[in-house]
Amino acid sequence: MDGFLIGLWVVRLLFLALLYLFLFQIVRALVRDLRAATQSATAELGRLHVLASPAGDPPVGVAFSLDAITSLGRDVNNSIVIDDPFASTEHAVLTFRGRDWYVEDLGSTNGTYVNGNRVEGVAPLGYGDELQIGQVRLRLERARR
Amino acid sequence: MTASATSRPAPSLPRILGQIRPRPRWLELRLLALVAVVLIVGSASLGATVRGRPDEGADLFDPSVWLPLDVTALAIYLGALFAAHAAQVLAGRRTDQVLLPAVGMLGGISLLLMQRLPQDLVGSGFFGAEGLGQVQLVWLLLSVAVATTVGIVVRSDSWLRQYKYTWAAAGIALLLLTFVFGSDVGGQRLTLVIGPISGQPSELLKVILVIFLAGYLSENRALLVEQDTRLGPIRLPPIPYLVPMAAMWAIALGIVVVQRDLGAALLFFGVFLLLLYAATARISLVIGGLIAFFLGSAVLATLFEHIGTRIAIWLDPFADPLGAGYQVVQSLHAFARGGLLGMGLGNGLPLVGGRVTIPEVHTDFPLAALGEELGLIGVLGVLGVYLVIIERGLRIGAAAADDFRSLLATGLALVVGIQAFIIAAGNLKVLPLTGVTLPFISYGGSSLLVNGLVIGLLLALSDKGVEPPPPPRKRRLDRILRRGAP
Numbered sequence: 001m002d003g004f005l006i007g008l009w010v011v012r013l014l015f016l017a018l019l020y021l022f023l024f025q026i027v028r029a030l031v032r033d034l035r036a037a038t039q040s041a042t043a044e045l046g047r048l049h050v051l052a053s054p055a056g057d058p059p060v061g062v063a064f065s066l067d068a069i070t071s072l073g074r075d076v077n078n079s080i081v082i083d084d085p086f087a088s089t090e091h092a093v094l095t096f097r098g099r100d101w102y103v104e105d106l107g108s109t110n111g112t113y114v115n116g117n118r119v120e121g122v123a124p125l126g127y128g129d130e131l132q133i134g135q136v137r138l139r140l141e142r143a144r145r
Numbered sequence: 001m002t003a004s005a006t007s008r009p010a011p012s013l014p015r016i017l018g019q020i021r022p023r024p025r026w027l028e029l030r031l032l033a034l035v036a037v038v039l040i041v042g043s044a045s046l047g048a049t050v051r052g053r054p055d056e057g058a059d060l061f062d063p064s065v066w067l068p069l070d071v072t073a074l075a076i077y078l079g080a081l082f083a084a085h086a087a088q089v090l091a092g093r094r095t096d097q098v099l100l101p102a103v104g105m106l107g108g109i110s111l112l113l114m115q116r117l118p119q120d121l122v123g124s125g126f127f128g129a130e131g132l133g134q135v136q137l138v139w140l141l142l143s144v145a146v147a148t149t150v151g152i153v154v155r156s157d158s159w160l161r162q163y164k165y166t167w168a169a170a171g172i173a174l175l176l177l178t179f180v181f182g183s184d185v186g187g188q189r190l191t192l193v194i195g196p197i198s199g200q201p202s203e204l205l206k207v208i209l210v211i212f213l214a215g216y217l218s219e220n221r222a223l224l225v226e227q228d229t230r231l232g233p234i235r236l237p238p239i240p241y242l243v244p245m246a247a248m249w250a251i252a253l254g255i256v257v258v259q260r261d262l263g264a265a266l267l268f269f270g271v272f273l274l275l276l277y278a279a280t281a282r283i284s285l286v287i288g289g290l291i292a293f294f295l296g297s298a299v300l301a302t303l304f305e306h307i308g309t310r311i312a313i314w315l316d317p318f319a320d321p322l323g324a325g326y327q328v329v330q331s332l333h334a335f336a337r338g339g340l341l342g343m344g345l346g347n348g349l350p351l352v353g354g355r356v357t358i359p360e361v362h363t364d365f366p367l368a369a370l371g372e373e374l375g376l377i378g379v380l381g382v383l384g385v386y387l388v389i390i391e392r393g394l395r396i397g398a399a400a401a402d403d404f405r406s407l408l409a410t411g412l413a414l415v416v417g418i419q420a421f422i423i424a425a426g427n428l429k430v431l432p433l434t435g436v437t438l439p440f441i442s443y444g445g446s447s448l449l450v451n452g453l454v455i456g457l458l459l460a461l462s463d464k465g466v467e468p469p470p471p472p473r474k475r476r477l478d479r480i481l482r483r484g485a486p
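So the sequence lines, in the order shown, correspond to chains G and E.
First residue of the first sequence? That's 1 in my numbering, and the numbers climb one at a time after it.
First residue of the second sequence? That's 1 in my numbering, and the numbers climb one at a time after it.
Looking at chain E on its own, in the form it has when it is part of the complex:
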C-alpha cells in the first residue's frame, strides 16, 4: 500500500463525472440583461445631464444628447459580464446564478459614478487607461475575471481546509510586514509597496481570516459547544479554546494602535464574533466579545489621540465643521441635498474652487455621492443589492454539505456585508467614520480584486454537484402499459 493510499482523502467539492457539457443559466442571463438595461438608461441620463448643462436649450429629440457618457467603456463592461456568463455556461457547473448579476449591478453603478467624478482624483493610469473612470474600468474587468475564474476552476477545498494554520501564519506575516515596511498615507499605515506593486494587505487579510476561522471552528465546534468552564455565574468554553479568541482580540486592537485602522479592526472582530455565533449558537460568547472590544476601545480612545478625535467627530461633527468634521458634515449635506429622489446622475457634487466638496469621495464616500445623485430611494436600492449578496452567501452556507464549507460561505458573505455596513454607517454618522471601502463600488484595485475573489469562492462553494438522475418515469409507464396489453 502506498503512502497516499493510507492517508485519509480530504473531503472535496463534488467533481463533475465524465464529460463537461454546457448547462444553460437562464436566470443569470435574464438578470444580466436587466442589468444591461439599467446601466444603459443610467448612462444615458448621466450623458444627457453632462452634455445638456452648457447649453440650456438642448433638444429633447436630438439622439446625440442621449448617448451614454462613455459608450466604449460601458460596452466593454457589459461585454465582460456577458463573457463571464458565457464562460460559466460552457463550464457547466451548477453554481449560483444570482451573485454575478448582483455584483455586476454594483460594479456598473461604480463605473457610472467614477466616470462623472473629476478624472484627476487618481494619479497615474496603466494599461493605457487614463483617469479615474478608465482605471476603475480596468480593475472592474480584472475583478470579474478573478470571480469567474475562481468560480469555474476551484473544485476542491482541501487546499484551504488542510493548511489553515499556514494560511493564518501567512496572514499574520502580511500584517507584520505592513506594520514594519508599510508606507504612511494620510496618517494610516495601510499600504504595502513592493517594487511597482502597491496594495492594501488588510483587504486580503480578511479572506485569510475567514478561511482560518472556518477551519478552526469546524474542527473544534463540538468542544466549544459541549464543555464548560464555570466562572461564577458565567459559563465559558474550556480555556484552551479561548486562546484564539483572545489572540483575535489582541490582533484587532493591535491593528487599531499600529495601523490606526479602526475600520479593519471593526471588520475583523465583527466577522469573528458572528462566525463564532454561527458555529456555536452561544450568544454569551458574542456578548462577552463585544464587552471586551468596547472596553479595549474605550481605554485606547483615552490613550491615543486619533481614536479620541474620531469619536469626538462622530458625536458632534458640527463642533468643527471646516476642520476635523469637514468630511462628515459635507457627507451629511450631500445626503440632505439628495432628498428622496436625488438630483439625478451627474448633477450632484458641486465643485467649490475646482475641488469636490467631499475629500476622498471616490474611496470613502461613494455612498454619499450616490445619496446626493440617486436620493434615499437609490441608496436603499443599492443597499438592497448588498442584502441580496448576503442572503445568497448565507443560503450557500446553509446548503453546504459539511461544517467547514458552511462556515466558509457564511464568513465570506459576512465579510462583504459587514464591510458595506461599516462604511455606509460611517457615511451616515451612525458609526464613527472609518476608512474601509464600499465593496464593488469604491475605487481601488486591492478592494475590487479581493472582493472578486470572495465572489469566486462563493460561486465555487455553491456548486450543487452532479445532478441526480431523473426518475425513470417513462420506462415504468411503458412496463405498466405492456403488462396491461396482453
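Here chain G stands alone, though its shape is the one from the complex:
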C-alpha cells in the first residue's frame, strides 16, 4: 500500500474523530448547563410581575416570587400586600397544585379577574396569564432558571 493511500485514510479517520470531538465539546457544554440549572433551582415556583398599579403599592415592575400558597389582599398579613382602594382585605389566594397554578377568590367585593374574565370560585391560571385585583394587574411567569 503506498503512502498516499495511507495518508488519505488517516485524514478520513481524522475527519470522523474531529466530528466526534465537536459533539463531545457540545455535550459537555450542555451537561454543564443542565447541571447549573438543577443546582440553582430554588424553592421558587413562579413569579408574579406587577404590570399596572395606580395606587403605587406594590410598585410597577416589581416581581414577587411565589410560594405554593400565596395570599393577596390589602391586609398586612397577606403574602403580597396590595394597597389598592378597590382590593379587599383578604382578596384572593394563589395555590400551586401538581404542575398548575390556581387562583381562588375569597369573596372579595370587586372580584378577581383572569385575562379580563371574573373568577367564580377557583380558576386555573397559566404562565403568561394576567390577574387583576382591584386596579392592580399582575402577570404570572415561570420561575427564572
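Check the hints yourself; a few may be wrong.
Here are the computed distance ranges between Cβ atoms for each label pair [claimed, not checked]:
1. L13/G with G323/E: 37 to 45 Å
2. G254/E with I69/G: 47 to 55 Å
3. V299/E with A68/G: 48 to 56 Å
4. P54/G with R94/E: 32 to 40 Å
5. L13/G with V243/E: 40 to 48 Å
6. T149/E with E44/G: 32 to 40 Å
7. I283/E with A63/G: 33 to 41 Å
8. R99/G with E130/E: 29 to 37 Å
9. A37/G with T72/E: 23 to 31 Å
10. A246/E with S65/G: 34 to 42 Å
11. F181/E with F96/G: 46 to 54 Å
12. F179/E with R99/G: 49 to 57 Å
13. T309/E with A68/G: 55 to 63 Å
The following residues of chain G were derived to be distant from chain E, with all beta-carbon distances above 10 Å [to be verified]:
14. E44
15. V50
16. D57
17. P59
18. N78
19. D83
20. P124
By construction, these hints were calculated from the structure, which means they are not laboratory data.
For every residue, glycine included, the Cβ atom is placed at its ideal position computed from N, Cα and C.
For chain G, the structure is supplied; the task is to place chain E on it using the hints.
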C-alpha cells in the same frame, strides 16, 4: 387616557435597557473554531480523493494534493459563520451559543456533499453561481443571514402571539393556493411558482402551524387539562376544544390526498400530537390521534394507488428492484457499501452510465450518500448534531417565562427533529419513503431559508434578558472592615 394606554400591553421578550454593549460569546467562538477545523480536514480529504484518483501514484508530501476541493467556497462559508458570530457579539444579547455552531456543522457537511455530487443535478444558477455546490453555498449563506438577523432583531413575540388566527388563515390560504395553482413535479403538487420565484409553501407552513398551535394551546391549556367529556370509559376534553384537533386531522389527510405529500402530512400531524402532549400531559389524546391517523391512512391506502404503492415498496422494495423499489434498494446498498467507517468523502456513489445510482440524492437521499461516504460512525455523528439542536430547543422551551414562548420553542425544535427523523427513517426503510428534506443538509432554497428562520426564532426566544446585577459583595466587605477598624 388614550386608547393605547387602556389596552393591555402584550407580554414581550425582555428588552435591553440602556446602551447596547458587546458581549463576548466564548463557547460559540470555541465551537465555531472546531467546526472550521472539522470542515477544513473534511474538505482536504475530499480534495485529495478527487485529485488522487486519476493518477494512482499521487505524492503523499505534495501539498497541492491536500488543498480543499473548492478553497474559495469553503473560505466564504466559514467567513459567513464567523461574521454571524461577530454580529451576535456586537448585538450583545444573551442568546443561545450552541445552535449556530451545530447548524454551521450540518451546513458545512451539506456543502462538502453538494460539491462532490455531479454539478448538473440542478438546472439554472443565479447570482453568478453555477452548479450544485455554488448554488447550495448561496442558499446556505442566505440561511445563516436569516437566522442571525431574526436572532438579533426579534425582541417582541406579540406579533406572533396576538395574530395567531391571522397566521392560521394565511397558512391555510397558502395551502389552498398550492392545491389550486401549484405545479406538479414528479406526481406531487408541492411547488408554487409566482413569476420568477418558486418555492415549496409546505416548508413555511410548518412554522405557521407551530405558531398557531402554540398560541391556541397556551390560551386553552387549562381548559384542555381540567374539563372532561365522558364517552363511556374514555375521557375526552370538552367537545368545542376538540374541533381544532379534528381540523388538523382533516388538513393532514387533505395534504395526503391532494398534494400526495405523505411526508408533510406525517410532519404536521406529528408536531401537532407532540405539542398537544407537551401542553396537556394527556397521553390519551396522543394515542387517540395516532389511532385516527392510522385509520385514515389505512382507508386512504386502499382508496388511492400512490399511497398503496409507497407502503408496498416499504414492505418489500426487492419485489421490483429496478422499478418502483429502485431508490430504496439503491439507498440500502449505499448504506451497506459504507459499512462502519465509510468509503471516505468523495469516494462513494459510483456513477453508472454517467448517472448517480440514487435518483434525487441531493434532496431526498443525502443521508444515504453520507452513509456511504462516512459510514455508520459518520451518520450517527450527524444524527447526534440533530439531537443537540432538539435538546437546545426543548431546553429553551423549559426555561421560557410563559406558556406561549415555551410551546413555541418546543414546537420549533420538534419540527426540525421530526422532519430529520422522517426522512432519515425513509432512507433506512424504517418508515415508508416520503419526500421531505433533511434540514440544513438537503439541497433546496425553501427548506434552507425556513430552517434558518426556525433557528433565528429559537435564538430570539433563548434570550435570557438583562443580567441581574452582581451581588454587592465587595462593598459589604468594605463596610465590615471599616466597622472593625475603629
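Hints, one by one, checked against the model:
For the pair L13/G and G323/E, the supplied restraint of 37 to 45 Å holds, since their beta-carbon distance comes to about 39 Å. Restraint check, G254/E to I69/G: a C-beta distance of roughly 49 Å satisfies the suggested window 47 to 55 Å. Between V299/E and A68/G the beta carbon distance is about 49 Å. The supplied range of 48 to 56 Å therefore holds. Evaluation of the 32 to 40 Å hint for P54/G and R94/E yields a pass: the beta carbon distance comes to about 33 Å.
In this structure the supplied range 40 to 48 Å is violated for L13/G paired with V243/E, their Cβ-Cβ distance being about 56 Å. Between T149/E and E44/G the beta carbon distance is about 35 Å. The supplied range of 32 to 40 Å therefore holds. Taking 33 to 41 Å as the suggested C-beta distance range, the pair I283/E and A63/G conforms, at roughly 34 Å. As the Cβ distance of R99/G to E130/E is approximately 56 Å, the hint placing it in 29 to 37 Å is violated.
Range check, A37/G to T72/E: Cβ separation about 43 Å, and the 23 to 31 Å hint is violated. At about 41 Å, the beta-carbon gap between A246/E and S65/G stays in the expected band of 34 to 42 Å. Checked against the given bound of 46 to 54 Å, the beta carbons of F181/E and F96/G, roughly 52 Å apart, stay inside it. The beta-carbon spacing between F179/E and R99/G, approximately 41 Å, falls outside the hinted interval of 49 to 57 Å.
Look at T309/E against A68/G: about 58 Å separates their beta carbons, and that is inside 55 to 63 Å. Every Cβ of chain E is farther than 10 Å from the Cβ of E44/G; the closest lies at roughly 13 Å, confirming the non-interface assignment. The Cβ of V50/G sits about 13 Å from the closest Cβ of chain E, beyond the 10 Å cut-off, so the non-interface label holds. The beta carbon of D57/G sits about 20 Å from the closest Cβ of chain E, which is more than 10 Å, so the claim that it is off the interface holds.
Its beta-carbon lying about 17 Å from the closest one in chain E, P59/G satisfies the requirement of being farther than 10 Å from that chain. The Cβ of N78/G lies farther than 10 Å from every Cβ of chain E, with a closest approach of about 24 Å, so its non-interface assignment holds. With a closest Cβ-Cβ approach of about 22 Å to chain E, D83/G is found to remain outside the 10 Å limit, as its non-interface label requires. At roughly 3 Å from the closest C-beta of chain E, the C-beta of P124/G falls inside 10 Å, breaking its exclusion from the interface.
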